[in-house]
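Note that the protein sequences, when read in sequence, are chains H and W.
For reference, each letter of the first sequence is one residue, going 8 to 493 in this note's numbering.
For reference, each letter of the second sequence is one residue, going 29 to 514 in this note's numbering.
Note that these hints are calculated values from the structure, not bench results.
Among the clues, some could well be false.
[As the list claims (entries may be wrong)] Straight-line distance between alpha carbons at most 25 Å, and here's what the computed PhoX-like set of lysine-lysine pairs gives:
(1) H:103 - W:405
(2) W:128 - W:92
(3) H:103 - W:356
(4) W:90 - H:153
(5) W:92 - W:82
(6) W:408 - H:100
(7) H:107 - W:405
(8) H:216 - H:29
(9) W:408 - H:107
(10) W:408 - H:103
(11) W:414 - H:100
(12) W:284 - H:107
[As the list claims (entries may be wrong)] Simulated restraints on C-beta separations:
(13) W:82 - H:61: 29 to 39 Å
(14) W:141 - H:61: 31 to 41 Å
(15) H:100 - W:274: 25 to 35 Å
(16) H:277 - W:384: 33 to 43 Å
(17) H:245 - W:274: 29 to 39 Å
(18) H:81 - W:274: 22 to 32 Å
(19) H:100 - W:34: 26 to 36 Å
(20) W:384 - H:61: 28 to 38 Å
(21) W:82 - H:82: 32 to 42 Å
(22) W:82 - H:58: 35 to 45 Å
(23) H:277 - W:274: 52 to 62 Å
(24) H:283 - W:396: 48 to 58 Å
Everything numeric in this text was worked out from a predicted model, so none of it was measured.
For every residue, glycine included, the Cβ atom is placed at its ideal position computed from N, Cα and C.
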Amino acid sequence: MGSSNPPTRAAPDLPARRGGEKWEVVIGMEVHVQPRTRTKMFCGCAIGQLGDPPNSNVCEVCMGMPGVLPVINKAAVEACLKTALALSCEIPKHTKFDRKNYMYPDLPKGYQISQYDLPMSVNGVLELDGRRVRIRRVHLEEDTGKLIHAGDKLHKAWESFVDLNRAGVPLMEIVSEPDIRSADEARDYAQALRTLLRTIGASEAEMEKGQLRAEPNISIRRYGTDDLGVKTELKNINSFRALHRAIEFEVARQIEVMEAGGTVVQETRGWSEAEQRTFSQRSKEFAEDYRYFPEPDLPPLELDRAWIEDLRSGLPELPGSRRARLVSEYGLPAADAATIAADRDLADLFEAAARASGDSKRTANWVIGEVAHSEKPPTPDHLAQVVTLVGTGRITREQGREVLAEATNGGGSPSEIVARRGLAQVSDPAAVRAAVEAVIAENTKAVQDYRAGKVRVLDFLVAQVLKRDRQIDRSLANDLLKELLG
Amino acid sequence: MSELTELTIAEAARLLRLHSISATELVSAHVEHIARVDPQVKAFLRFTPELYEKQAEEADRKLKSEEGGLLTGIPLAVKDVLCVQGVETTAGSQILRGFKPPYTGTAVARLFDAGAVMLGVTNCDEFAMGSSTENSGYFPTHNPWDLDRVPGGSSGGSAAAVAAGEAMIALGTDTGGSIRQPAAVCGVVGMKPTYGRVSRYGLIAFASSLDQIGPFARSVEDAALVLEAMAGHDPLDATSSDRPNDVRRDFDKGVKGMRLGVPREYSEVEGMEPGVNAAVREAIKALEKAGAEIVDVTLPHTDYGLAAYYIIAPAECSSNLARFDGVKYGMSVQDVDNITDMYMRTRRQGFGTEVRRRIMLGTYALSSGYYDAYYLKAQKVRTLIKRDFDDAFSKCDAIVSATSPVVAFPIGSRTEDPLSMYLCDVLTLGGNLAGLPGISVPCGMSAGLPVGLQVLAPQWREDVALRVARAYEVASGVKAEVAALG
Numbered sequence: 008m009g010s011s012n013p014p015t016r017a018a019p020d021l022p023a024r025r026g027g028e029k030w031e032v033v034i035g036m037e038v039h040v041q042p043r044t045r046t047k048m049f050c051g052c053a054i055g056q057l058g059d060p061p062n063s064n065v066c067e068v069c070m071g072m073p074g075v076l077p078v079i080n081k082a083a084v085e086a087c088l089k090t091a092l093a094l095s096c097e098i099p100k101h102t103k104f105d106r107k108n109y110m111y112p113d114l115p116k117g118y119q120i121s122q123y124d125l126p127m128s129v130n131g132v133l134e135l136d137g138r139r140v141r142i143r144r145v146h147l148e149e150d151t152g153k154l155i156h157a158g159d160k161l162h163k164a165w166e167s168f169v170d171l172n173r174a175g176v177p178l179m180e181i182v183s184e185p186d187i188r189s190a191d192e193a194r195d196y197a198q199a200l201r202t203l204l205r206t207i208g209a210s211e212a213e214m215e216k217g218q219l220r221a222e223p224n225i226s227i228r229r230y231g232t233d234d235l236g237v238k239t240e241l242k243n244i245n246s247f248r249a250l251h252r253a254i255e256f257e258v259a260r261q262i263e264v265m266e267a268g269g270t271v272v273q274e275t276r277g278w279s280e281a282e283q284r285t286f287s288q289r290s291k292e293f294a295e296d297y298r299y300f301p302e303p304d305l306p307p308l309e310l311d312r313a314w315i316e317d318l319r320s321g322l323p324e325l326p327g328s329r330r331a332r333l334v335s336e337y338g339l340p341a342a343d344a345a346t347i348a349a350d351r352d353l354a355d356l357f358e359a360a361a362r363a364s365g366d367s368k369r370t371a372n373w374v375i376g377e378v379a380h381s382e383k384p385p386t387p388d389h390l391a392q393v394v395t396l397v398g399t400g401r402i403t404r405e406q407g408r409e410v411l412a413e414a415t416n417g418g419g420s421p422s423e424i425v426a427r428r429g430l431a432q433v434s435d436p437a438a439v440r441a442a443v444e445a446v447i448a449e450n451t452k453a454v455q456d457y458r459a460g461k462v463r464v465l466d467f468l469v470a471q472v473l474k475r476d477r478q479i480d481r482s483l484a485n486d487l488l489k490e491l492l493g
Numbered sequence: 029m030s031e032l033t034e035l036t037i038a039e040a041a042r043l044l045r046l047h048s049i050s051a052t053e054l055v056s057a058h059v060e061h062i063a064r065v066d067p068q069v070k071a072f073l074r075f076t077p078e079l080y081e082k083q084a085e086e087a088d089r090k091l092k093s094e095e096g097g098l099l100t101g102i103p104l105a106v107k108d109v110l111c112v113q114g115v116e117t118t119a120g121s122q123i124l125r126g127f128k129p130p131y132t133g134t135a136v137a138r139l140f141d142a143g144a145v146m147l148g149v150t151n152c153d154e155f156a157m158g159s160s161t162e163n164s165g166y167f168p169t170h171n172p173w174d175l176d177r178v179p180g181g182s183s184g185g186s187a188a189a190v191a192a193g194e195a196m197i198a199l200g201t202d203t204g205g206s207i208r209q210p211a212a213v214c215g216v217v218g219m220k221p222t223y224g225r226v227s228r229y230g231l232i233a234f235a236s237s238l239d240q241i242g243p244f245a246r247s248v249e250d251a252a253l254v255l256e257a258m259a260g261h262d263p264l265d266a267t268s269s270d271r272p273n274d275v276r277r278d279f280d281k282g283v284k285g286m287r288l289g290v291p292r293e294y295s296e297v298e299g300m301e302p303g304v305n306a307a308v309r310e311a312i313k314a315l316e317k318a319g320a321e322i323v324d325v326t327l328p329h330t331d332y333g334l335a336a337y338y339i340i341a342p343a344e345c346s347s348n349l350a351r352f353d354g355v356k357y358g359m360s361v362q363d364v365d366n367i368t369d370m371y372m373r374t375r376r377q378g379f380g381t382e383v384r385r386r387i388m389l390g391t392y393a394l395s396s397g398y399y400d401a402y403y404l405k406a407q408k409v410r411t412l413i414k415r416d417f418d419d420a421f422s423k424c425d426a427i428v429s430a431t432s433p434v435v436a437f438p439i440g441s442r443t444e445d446p447l448s449m450y451l452c453d454v455l456t457l458g459g460n461l462a463g464l465p466g467i468s469v470p471c472g473m474s475a476g477l478p479v480g481l482q483v484l485a486p487q488w489r490e491d492v493a494l495r496v497a498r499a500y501e502v503a504s505g506v507k508a509e510v511a512a513l514g
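Please put together the full structure from these sequences, using the hints given.
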């Protein structure tokens with residue numbers, strides 16, 4: 008990039024300077040993900056649920072009792088390796104765990120078992136829409152417990168309680184290079200990561216349940232420079248929306264500081280959901296010395312190449328390539344393809360149903376419009392039948408929705424239900440006209456309102472028509488009402 | 029003194045199986061003997077009648093139905109660093125006063141399963157840091173051969189208990205010589221197994237990469253039996269090995285045709301007493317007479333071993349001891365201003381001088397900016413020392429030397445000078461740095477005090493160390509005796 012300063016290479020495909028903007032935003036993401044495992048990282052304790060009684064999923068190991076030793080959870084290593092492979096990371100022959108030493112009451116051993124200089128994987132990439140975010144590393148570590156203070160915070164509390172249910176829960180830490188350039192991209196990155204993790208089954212990655220925690224590192228710099236500015240790290244973010252807002256706030260704050268001639272202080276800042284702003288939590292002026300050293304209780308791991316190849320070949324199609332295939336193979340619009348590919352179950356259902364119905368566009372509409380929000384998904388075959396029944400005009404869309412719900416709840420196949428209930432769409436124009444005229448006659452007030460300009464009353468009138476005869480197609484009723492009232 | 033307190037396991041097991049004595053009688057004889065001599069020796073910190081009464085009855089039940097094994101009903105003493113469920117276990121420290129572990133460690137549990145009967149908990153240097161048991165947070169233990177002298181350390185209580193006939197067997201831990209050195213100066217057999225031979229689960233860690241649990245006994249065979257019962261892979265310790273448990277293979281085959289190496293550097297160490305040197309030379313001659321070939325070997329990095337040890341062990345201890353923070357168990361100073369104040373005052377009051385010294389040393393050695401110069405350099409020295417032993421073992425089957433350069437010294441004579449205390453370990457700590465099995469057997473007296481012969485063998489060759497030690501025991505006729513006391 009024309010710089011003689013190699014360690015601060017600029018990210019690939021730097022966006023062009025937008026009109027009038029002086030500041031470029033530089034974001035790197037640290038994301039902690041709880042892999043899908045039955046037990047904790049180094050002991051046999053169950054992971055448990057949010058809301059379990061305090062200290063109910065604990066044993067002598069995760070409580071840091073004297074004399075205990077950690078044993079590595081293979082399922083966590085497997086989830087981490089699958090994630091690394093899905094992010095195209097390099098997996099070194101040897102990896103090891105290290106101790107990160109610091110004292111805090113939520114850390115029962117006085118050190119966290121993490122990975123320092125030989126992480127499980129390095130140098131990957133996550134493809135966003137048209138952008139590549141480089142992944143620096145993906146490693147495994149353990150979570151800490153939780154503190155509840157009677158009082159403000161630890162140093163001021165008159166009493167504090169320690170809950171070790173979370174202590175020792177496995178975490179994958181996914182660290183990106185500072186390749187992200189906006190709040191939008193940061194949110195897209197986090198969402199793409201969630202989709203990827205769910206697709207490969209490595210994690211449920213529910214942000215609201217704390218299974219995915221995103222910590223953006225944010226700095227700004229003048230366009231055209233490629234030095235990195237002083238960064239702040241944001242914490243306490245528990246939704247994608249909050250991630251977006253927190254970054255927007257923080258970027259605006261940093262610009263304000265810089266434009267007032269000040270300097271950004273390197274620190275950790277919390278996001279306050281209530282106040283919708285970031286606040287200073289901890290200054291990093293006096294960087295803590297964690298005295299990392301190799302965990303002597305765990306021998307270095309030699310990763311079996313054959314196992315890694317098995318994991319690699321067992322990976323399902325990843326969301327990025329599936330999205331592209333849904334466009335090329337089924338002719339879906341990019342936005343629909345992205346929505347469907349974001350959920351592996353939904354995409355599987357779509358593909359099976361689209362093949363059975365032979366109508367990808369309508370199937371996609373049903374999948375996005377109906378199935379994505381339903382609690383219990385239909386079988387591909389039932390969905391395909393409904394798509395066809397509605398698509399060919401046999402039944403109305405409303406009827407289709409009801410039939411699909413009934414079929415999904417064990418009421419038989421959609422065709423059987425239609426036959427049993429004698430459902431058929433009324434498309435005889437005379438019958439529709441009779442019903443519409445009757446409704447106009449009975450609802451003089453509504454008709455007046457409509458004619459006076461209250462267009463929304465039309466929905467009410469349509470509903471009245473359908474109430475008279477459920478087999479009338481909604482759009483026919485709608486069109487005829489407009490015609491007669493217009 | 030009762031004859032029952034002078035038996036070996038084989039002798040006792042024979043009497044128990046013949047029903048000439050009961051386990052309850054055997055245990056009672058020890059309890060009565062303890063009542064007579066322990067007020068002088070002070071080997072025990074606590075007694076466990078709730079355990080030994082039940083375990084003795086259980087042993088008798090098994091013996092009655094001919095189900096017992098060799099260890100059924102055998103009286104055992106356990107060093108205060110090994111966790112036993114419900115039994116106060118304090119690592120010789122005030123900071124753990126009152127702590128009752130919620131679990132029993134693997135090695136002790138295996139001996140319980142084999143039928144051993146636990147008499148009580150033995151004294152030791154605080155967190156196993158020391159060579160005289162004077163660093164106990166409770167009181168010093170006295171050498172049964174001369175009550176004005178130390179029993180060695182850190183497992184001084186266990187060594188003294190076996191030497192005084194207070195227990196038939198005892199468990200210790202060896203991080204730099206803490207089993208072999210007290211065994212030598214108390215005139216009993218003590219063995220440190222290969223690192224990874226015995227599970228460390230339940231051992232309150234001092235230095236995780238060096239610690240091993242091992243037996244004290246009054247014969248080589250007894251030590252072998254206890255080791256065999258404890259050894260073998262444990263799923264709870266990732267550093268424990270699944271190699272075959274063959275420690276008694278070739279036990280009685282003698283040394284004819286074996287090559288025994290005598291390292292030049294070991295007879296020339298600083299502070300080697302002429303009387304010790306003479307006794308060890310006699311022992312080596314006896315082995316030669318029994319058919320061994322004596323060869324000169326060299327361990328050129330011996331001089332650096334002490335320095336490397338006193339960086340690695342404190343570094344690991346500084347991390348291992350972080351969990352003693354007053355939050356979860358043990359001592360907790362409560363009239364404090366805030367959490368930092370609680371940490372500092374709890375640890376200042378709870379830890380003794382030597383423990384605080386080593387935490388400081390280790391914290392310093394791991395600090396950023398010093399890590400490479402100290403910890404990393406020490407690990408490189410460790411590699412060189414391992415290589416020294418590899419080279420030596422290419423020329424011999426086992427290495428023989430003195431265990432300790434000195435006999436038991438007067439209580440209080442070295443406490444003011446930590447370096448002179450550290451020198452007690454100079455012949456033993458190489459075995460820990462290299463992870464080797466080593467055994468100390470009594471080899472006569474110097475000025476009326478016991479001298480120990482150390483046999484070191486290659487990793488996983490406990491069979492070789494035991495075979496040589498056994499051959500010496502047979503050839504010399506020198507047997508561990510119970511010290512005559514009031």
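Going through the hints against the structure:
For the hint linking residue 103 (chain H) to residue 405 (chain W), the alpha-carbon distance of about 19 Å falls within 25 Å, and the restraint holds. Proposed proximity of residue 128 (chain W) and residue 92 (chain W) is contradicted: the alpha carbons are some 33 Å apart, above 25 Å. With a CA separation close to 29 Å, the supplied pair residue 103 (chain H) and residue 356 (chain W) exceeds the 25 Å bound. The straight-line distance between the Cα atoms of residue 90 (chain W) and residue 153 (chain H) is roughly 48 Å, outside the 25 Å bound, and the hint therefore fails.
Of the pairs offered as hints, the one joining residue 92 (chain W) and residue 82 (chain W) holds, with about 15 Å between alpha carbons and a cut-off of 25 Å not exceeded. Only pairs whose Cα atoms come within 25 Å are accepted, and residue 408 (chain W) paired with residue 100 (chain H) is accepted, the gap being roughly 22 Å. Between residue 107 (chain H) and residue 405 (chain W), the direct Cα distance comes to roughly 20 Å. Compliance with the 25 Å bound is thereby established for this hinted pair. Between the alpha carbons of residue 216 (chain H) and residue 29 (chain H) the distance comes to roughly 38 Å, so the proposed pair goes past 25 Å and is violated.
At most 25 Å may separate the alpha-carbon atoms for a hinted pair to count; residue 408 (chain W) and residue 107 (chain H) meet this at roughly 22 Å. The hinted pair formed by residue 408 (chain W) and residue 103 (chain H) meets the criterion: a straight-line CA distance of about 18 Å does not exceed 25 Å. With a C-alpha separation of about 24 Å, the suggested pair residue 414 (chain W) and residue 100 (chain H) falls inside the 25 Å cut-off, and the hint holds. At roughly 52 Å between alpha-carbon atoms, residue 284 (chain W) and residue 107 (chain H) are farther apart than 25 Å, so this suggested pair is violated.
Remark: the range hint 29 to 39 Å for residue 82 (chain W) to residue 61 (chain H) is upheld by a beta-carbon distance near 34 Å. Distance hint check: the CB atoms of residue 141 (chain W) and residue 61 (chain H) are about 35 Å apart, consistent with the given range 31 to 41 Å. Checked against the given bound of 25 to 35 Å, the beta carbons of residue 100 (chain H) and residue 274 (chain W), roughly 31 Å apart, stay inside it. A hinted range of 33 to 43 Å holds for the C-beta pair residue 277 (chain H) and residue 384 (chain W), which are about 36 Å apart.
A C-beta distance of roughly 56 Å is found between residue 245 (chain H) and residue 274 (chain W), which places it outside the suggested range of 29 to 39 Å. In this structure, residue 81 (chain H) and residue 274 (chain W) meet the distance hint of 22 to 32 Å, their C-beta atoms being roughly 29 Å apart. The supplied range of 26 to 36 Å is broken by residue 100 (chain H) and residue 34 (chain W), whose beta-carbon atoms lie about 56 Å from each other. Between residue 384 (chain W) and residue 61 (chain H) the Cβ separation comes to about 33 Å, which falls inside the hinted range of 28 to 38 Å.
Checked against the hint of 32 to 42 Å, the pair residue 82 (chain W) and residue 82 (chain H) passes, with Cβ atoms roughly 40 Å apart. With their beta carbons about 41 Å apart, residue 82 (chain W) and residue 58 (chain H) fall inside the hinted range of 35 to 45 Å. The hinted range of 52 to 62 Å is satisfied by residue 277 (chain H) and residue 274 (chain W), whose Cβ atoms lie roughly 59 Å apart. Against the hinted window of 48 to 58 Å, the Cβ-Cβ separation of residue 283 (chain H) and residue 396 (chain W) comes to about 38 Å, which falls outside the hint.
In summary, the structure is inconsistent with hints 2, 3, 4, 8, 12, 17, 19 and 24 from the numbered list given earlier, while agreeing with the others.
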